[in-house]
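Using the sequences and the hints given, assemble the complete structure.
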Amino acid sequence: MAELKNTEINIPVADPDDPYAIPAAMPSSADNAPRSFEVGSFPVPTRKQEDWRYTPVDRIAEFFDVFEPSGETALTATYVDGTPLDGAVATWTTEELGAEDSGIVSKPNDRVSAVEWNSAAQAHVLHVVADTPQPILIRVTGAGQDLDALHLVIRTDGNLHADVIVEHAGDARLAEGVEIETGPYSAVSTTFVQEWDATAKHVGNHRIRVGREASLRHSVVTLGGDVVRIRMDQDFAGEHGDLNMLGIYFADPGQHIEHRTMVVHNEPECRSRVVYKGALDGKDAHSTWVGNALIQPTAPGTDSYELNRNLVLTPGAIADSEPNLEIENGNIVGAGHASSCGRFDDEELFYLESRGISEKEARKLVVRGFFGELVEEIGIDSIAAHLMAVIDRRLADSDRR
Amino acid sequence: MSTLEIKDLYAAVETKEGRKQILKGVNLVVNSGETHAIMGPNGSGKSTLAYTLAGHPKYEVESGEVLLDGQDLLKMTPDERAKAGLFLAMQYPVEVPGVSMTNFLRTAKTEIDGKAPAIRTWTKELTDAMKQLKMDPKFATRSVNEGFSGGEKKRAEVLQLELLKPKFAILDETDSGLDVDALRIVSEGVNRAKAASDFGILMVTHYTRILKYIKPDIVHVFADGHFVKTGGPELADELEETGYDAFMPDGSSESALA
Chain A
0 MAELKNTEIN IPVADPDDPY AIPAAMPSSA DNAPRSFEVG SFPVPTRKQE DWRYTPVDRI
60 AEFFDVFEPS GETALTATYV DGTPLDGAVA TWTTEELGAE DSGIVSKPND RVSAVEWNSA
120 AQAHVLHVVA DTPQPILIRV TGAGQDLDAL HLVIRTDGNL HADVIVEHAG DARLAEGVEI
180 ETGPYSAVST TFVQEWDATA KHVGNHRIRV GREASLRHSV VTLGGDVVRI RMDQDFAGEH
240 GDLNMLGIYF ADPGQHIEHR TMVVHNEPEC RSRVVYKGAL DGKDAHSTWV GNALIQPTAP
300 GTDSYELNRN LVLTPGAIAD SEPNLEIENG NIVGAGHASS CGRFDDEELF YLESRGISEK
360 EARKLVVRGF FGELVEEIGI DSIAAHLMAV IDRRLADSDR R
Chain B
0 MSTLEIKDLY AAVETKEGRK QILKGVNLVV NSGETHAIMG PNGSGKSTLA YTLAGHPKYE
60 VESGEVLLDG QDLLKMTPDE RAKAGLFLAM QYPVEVPGVS MTNFLRTAKT EIDGKAPAIR
120 TWTKELTDAM KQLKMDPKFA TRSVNEGFSG GEKKRAEVLQ LELLKPKFAI LDETDSGLDV
180 DALRIVSEGV NRAKAASDFG ILMVTHYTRI LKYIKPDIVH VFADGHFVKT GGPELADELE
240 ETGYDAFMPD GSSESALA
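As they're listed, the protein sequences go chains A and B.
Going by numbering that gives the first Met the number 0, the first residue of the first sequence is number 0, and it counts up by one from there.
Going by numbering that gives the first Met the number 0, the first residue of the second sequence is number 0, and it counts up by one from there.
Note that these hints are calculated values from the structure, not bench results.
Yeah, the Cβ is synthetic: ideal placement off N, Cα and C, and Gly gets one too.
Do not take every clue at face value.
As the list claims (entries may be wrong) - In the DSSO-like style, the derived pairs of lysine-lysine whose C-alpha atoms are separated by at most 30 Å in a straight line are:
#	chain 1	residue 1	chain 2	residue 2
1	B	LYS123	B	LYS133
2	A	LYS359	B	LYS164
3	A	LYS359	B	LYS166
4	A	LYS359	B	LYS123
5	A	LYS359	B	LYS214
6	B	LYS133	B	LYS6
Said to hold, decoys possible - If you want the ones that stay clear, here's a sample from chain B, every Cβ over 10 Å from chain A, calculated:
#	residue
7	GLU16
8	THR106
9	ALA117
Okay, structure coming up:
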């Protein structure tokens with residue numbers, strides 16, 4: 000089946016007299032969407048464009064044209080306990096953009112990712128070559144409101160186990176491009192935490208390729224920032240890939256937190272699961288989740304599922320949730336999606352209060368439980384503990400606001 | 000020894016048809032160790048009394064006082080009332096998705112006691128109480144009341160009663176929706192909890208059948224928003240014979256038998 004990948008596929012046109020005899024030719028959105036390193040290939044975003052309809056584009060307009068990056072964003076890579084990386088396990092280097100390890104996973108897919116590519120000064124490359132004895136932590140510290148662009152590559156060789164955490168903190172106006180490529184037969188987790196200050200803006204683009212017979216657990220936790228918009232496009236390098244994408248987000252009043260996942264099944268017998276959960280607290284807290292899954296004719300035996308759940312803690316918040324499925328192959332195991340938006344209601348609150356739990360504690364308990372279910376699923380104790388600590392920090396922070 | 004004193008309590012609820020007064024001058028004194036049965040026809044305001052005491056935001060107190068050892072409960076938030084020693088076992092316990100029973104119970108216990116329970120004794124206490132209520136150990140890991148059957152929810156309420164050890168327990172129609180075996184298990188739980196911490200009970204019920212398992216010291220008839228008759232356990236027998244007709248508007252009829 001793999002040789003199909005580079006073959007042109009002719010989908011027959013439906014016979015108007017017998018439209019159900021064969022599948023009609025329906026170009027998928029992925030076929031139509033441009034992929035390019037050129038900024039000019041993409042129009043300036045407006046809310047009339049499908050990909051930008053939920054985004055407050057006027058608040059991120061500075062990311063629509065190539066800019067001079069401040070270069071002030073600080074990056075460090077260590078083990079999660081703070082000890083230095085072992086060169087026999089992973090190398091942490093920089094290179095000119097497009098030199099060797101960057102620009103390898105697909106191409107920019109929208110205006111802001113093309114701008115990032117053309118603005119960033121260099122690529123930071125983490126190359127994992129052996130099992131990681133403990134998670135690797137890349138710490139990204141914003142340097143205030145000066146515009147900056149950052150390009151990060153996470154590559155792993157095959158036949159290894161690797162855990163990588165990328166943490167963002169501080170104040171920033173950052174365009175960030177991330178490329179992730181995992182080797183064959185690898186088991187990798189990449190966890191991205193956004194714990195930005197309330198004024199930070201972050202426009203992110205992840206381009207992900209999962210190796211043949213490899214599994215990738217990609218987690219995103221966004222707990223703050225004025226505007227955070229992260230688009231993640233993924234595909235498979237070969238058959239029997241396994242992708243798990245988990246997302247957690249928490250939006251406060253006035254904040255816009257947006258995650259867009261684009262899962263492309265381009266290889267046979269691959270499995271994907273996308274689960275994103277968000278809590279919204281306060282007036283004009285706004286979250287967007289758009290989950291796209293595309294199952295191409297080259298991907299028989301696909302098993303895919305995506306789920307988004309939102310918990311609205313107080314009135315006045317808006318949660319957009321849009322799952323999209325495009326299935327171009329009839330021979331699949333499954334393709335499903337689900338979306339829900341629930342309210343933490345007065346009866347639940349009264350019940351907990353009547354047991355001695357204060358309103359503030361009750362909200363924390365509910366949010367912690369809501370996210371905890373998902374964090375438990377990560378299945379990597381050190382990552383799960385790290386994330387629960389981040390969530391607890393965020394909940395404790397709510398007390399001070 | 001504690002005392003719960005309700006003095007001339009009036010309360011109302013906002014409905015689509017406008018404001019409706021439901022409690023019309025409730026007076027009652029309950030002491031530690033006493034079991035009061037509050038019986039009455041449907042719509043008389045029994046459950047409203049229970050929820051008003053616990054502080055449900057839907058019910059607005061117009062006048063009156065509720066004193067627990069001299070402290071006015073009506074000036075407190077629902078969680079403060081619980082900390083003061085009041086417990087309401089609800090007729091329809093609420094599902095709280097995502098919060099495990101274990102986490103919920105430990106949080107509630109910590110809040111009520113003002114300190115976290117010692118892990119080893121707490122786990123044992125929880126396990127023993129669940130065993131006696133014939134609850135599946137898996138319950139502890141499930142979300143609060145989520146997907147529980149009616150009977151399971153009532154057992155979970157009594158489990159909380161046993162663990163939180165209040166000064167006064169209000170049981171709102173705890174017998175409703177229970178078959179005879181479940182009723183016995185739940186009633187035994189209430190009796191066990193009372194034997195352990197000697198709290199006072201306000202048992203709100205429409206029917207007399209739970210009184211065979213939880214023996215009341217005093218029986219009240221509640222109609223049209225206030226107490227209309229008070230007597231000993233024999234009053235329940237009388238209600239079983241005659242129903243609530245004597246306490247209802249002319250021409251209507253309601254039995255006290257399940």
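Taking the hints in turn, this is what the structure says about them:
1. LYS123(B) <-> LYS133(B): Roughly 15 Å between the alpha carbons, so the hint for LYS123(B) and LYS133(B) holds.
2. LYS359(A) <-> LYS164(B): 23 Å, holds
3. LYS359(A) <-> LYS166(B): The given pair, whose Cα atoms are some 25 Å apart, holds under the 30 Å limit.
4. LYS359(A) <-> LYS123(B): Roughly 29 Å between the alpha carbons, so the hint for LYS359(A) and LYS123(B) holds.
5. LYS359(A) <-> LYS214(B): 39 Å, violated
6. LYS133(B) <-> LYS6(B): Violated - the C-alpha atoms of LYS6(B) and LYS133(B) are around 39 Å apart, more than 30 Å.
7. GLU16: 21 Å, holds
8. THR106: 6 Å, violated
9. ALA117: For ALA117(B), whose nearest Cβ neighbour in chain A is about 18 Å away, the distance exceeds 10 Å, so it holds.
Checked against the numbered hints above, the structure breaks hints 5, 6, 8 and satisfies the rest.
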